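Protein chains: 2
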Amino acid sequence: MDLAELATKLQSGDRRSLARAITLVESARADHRAQALELLQALGQQNQALRIGLSGTPGVGKSTFIESFGLMLTGQGLRVAVLAVDPSSARSGGSILGDKTRMEQLARDPRAFIRPSPSQAQMGGVARRTREAVALCEAAGFDIILIETVGVGQSETVVAELCDLFVLLLAPAGGDELQGVKRGIMEMADLILVNKADGDLKSAAQRTCADYAGALRLLRKRPQDPADYPKAMMVSALEQAGLATAWAEMQSLANWRRQNGHWSTRRGQQAEHWFREELRRGLLAVLDQQPTKSIVADLGLAVAAGDVTPEAAAQQILRLLHKG
Amino acid sequence: MDLAELATKLQSGDRRSLARAITLVESARADHRAQALELLQALGQQNQALRIGLSGTPGVGKSTFIESFGLMLTGQGLRVAVLAVDPSSARSGGSILGDKTRMEQLARDPRAFIRPSPSQAQMGGVARRTREAVALCEAAGFDIILIETVGVGQSETVVAELCDLFVLLLAPAGGDELQGVKRGIMEMADLILVNKADGDLKSAAQRTCADYAGALRLLRKRPQDPADYPKAMMVSALEQAGLATAWAEMQSLANWRRQNGHWSTRRGQQAEHWFREELRRGLLAVLDQQPTKSIVADLGLAVAAGDVTPEAAAQQILRLLHKG
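Protein sequences, first through last, are from chains A and B. Following the working numbering, the numbering of the first sequence begins with 1 at its first residue and continues without gaps. Following the working numbering, the numbering of the second sequence begins with 1001 at its first residue and continues without gaps.
Isolated chain A, as found in the complex:
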């Protein structure tokens, strides 16, 4: 593969090259990994897209929202990339519903790029893969990157370290179901959107929205944000209602953070976080390499049998590694 050519094409916005580059960063092969690092290095960090984390459990209408919201943005001339962070898809061995068929119109839009979740990914791998895919989308000149998660908790933590804004999508529900959303996820949200505010569900959506607005007021204020954030609002992805207002809110908050220095501070903190994660991963990688892997497995059996204490066995490996 000609990396220089790939980089040039990608930077010109070519979506096939972007797809190929993401496949490269997703690969576990050592030679692919080396090429991926070389590619990322060559691309540098020129553009900054607005990275929006979007969380919501299955059933809240996330695909419909992304389709409607994405088409509104591309209609304004913006280029939109959609990435899925979904460790649970590893179970089914691929993306849950086939991301592109979930968003048919957006997938055909030349200003949009949709990347299905990779199969067989593990959480650690997902974090790295998504971070690098985001960097590639920025290099390809996308204006907005939607990073989608399924609301199970662990993937949200990854996305919080990747995005500039975090949006939580909810469905209308009885007030007692408010506790169904993990507090940790609610605390991450900059904007809560109650979807399906249409037809029979409209009044339920109003109640749910009021409940969450109340719950948000009880959360600790964030010193870095205007006093009226985080906010809860209603939208209807189906009827395309409220989407422009939601987008205005996102832009307003993003601009406020840019002007007050919080944007770059956060990006810096995120980069530092990933530096430390890469460092940890690199230090622990030795455990997956031979001959250490086999020695650890054998000693593990001896520990389980009670022949060696856990501490002594660990010391033995550590001495071996420090000698080598």
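Just so you know, the hints here were simulated from the structure itself, not pulled from any lab data. Take the hints with a grain of salt, since some may be wrong.
No farther apart than 30 Å at their CA atoms in a straight line, the calculated lysine-lysine pairs in the DSS-like style are these [to be verified]:
1. 231(A) with 221(A)
2. 293(A) with 1293(B)
3. 323(A) with 1323(B)
Computed from a predicted model, the values in this text were never measured in an experiment.
For this one, chain A is given, so just place chain B on it according to the hints.
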């Protein structure tokens, strides 16, 4: 400190020596750590106590339960140790209510040993400290070790890797509050005890117990246990009712597991888990040592400022370490 003398006294069951030994394993000082490892090595793994993990949120009457249950056991001639695993106590800088004053009678019982939670502990440190304190209590000949947690999730995971039985203590409540207990914690429980089954709360306790018994039936069966476990039962720590039955259930399950080989299999798996944890901790320890710590801090600032990419910075440190 004369470690041989400490070991001998501890093995004779001397509680002051046990307390001193636990203080030693709790210390972060390098010389104390070396002594702690030497002591644990000298003591070996002779005795096996019955290790009971006990989880319950504040307000369920955990202290009263431990006091009543502990006194019943010591009344039968058994020696009982109580250890608290409580990362949240780090916030208040010590044990929440002063563990010994919470269990006044048990604290005065010569057959009991109560260890308050250490202050300023971090989760990783809590895991290691508790595991080593358990080993010390076993070496001191205790028959039962109660490992108490506050039901917030993370500490339960630690305790599950330490105990032979896991008991979840609950208070009577409306059926709709069932969801308040995290599913993950319920899945760990071998026995659910609904406390406060006395006075005005008796009928509420009955309902709660029935609700949880129903919920337990919906959980996946464990191939290694008799078909009627996990169980839900009512107790009243205040009136000392149901405690003997609960204890009979615990013994029955423990004996069943011993006879069917599951006890030793689980202890083996737990030991292997701690071996791998120690190994990870050992490999990452270099990040807390100079000069690496300072270099990482400096590079972290450069990464945050955007002067170096996270990946390149991590590679730089890893190359440095592999050279050294």
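Hint by hint, here is what the structure shows:
1. Distance restraint check for residue 231(A) and residue 221(A): the Cα-Cα separation of roughly 12 Å lies within the 30 Å cut-off, and the hinted pair is therefore satisfied.
2. The hinted pair formed by residue 293(A) and residue 1293(B) meets the criterion: a straight-line CA distance of about 27 Å does not exceed 30 Å.
3. Simply put, residue 323(A) and residue 1323(B) have alpha-carbon atoms about 12 Å apart, close enough for the 30 Å limit, and the pair holds.
Taken one by one, the earlier hints all hold for this structure without exception.
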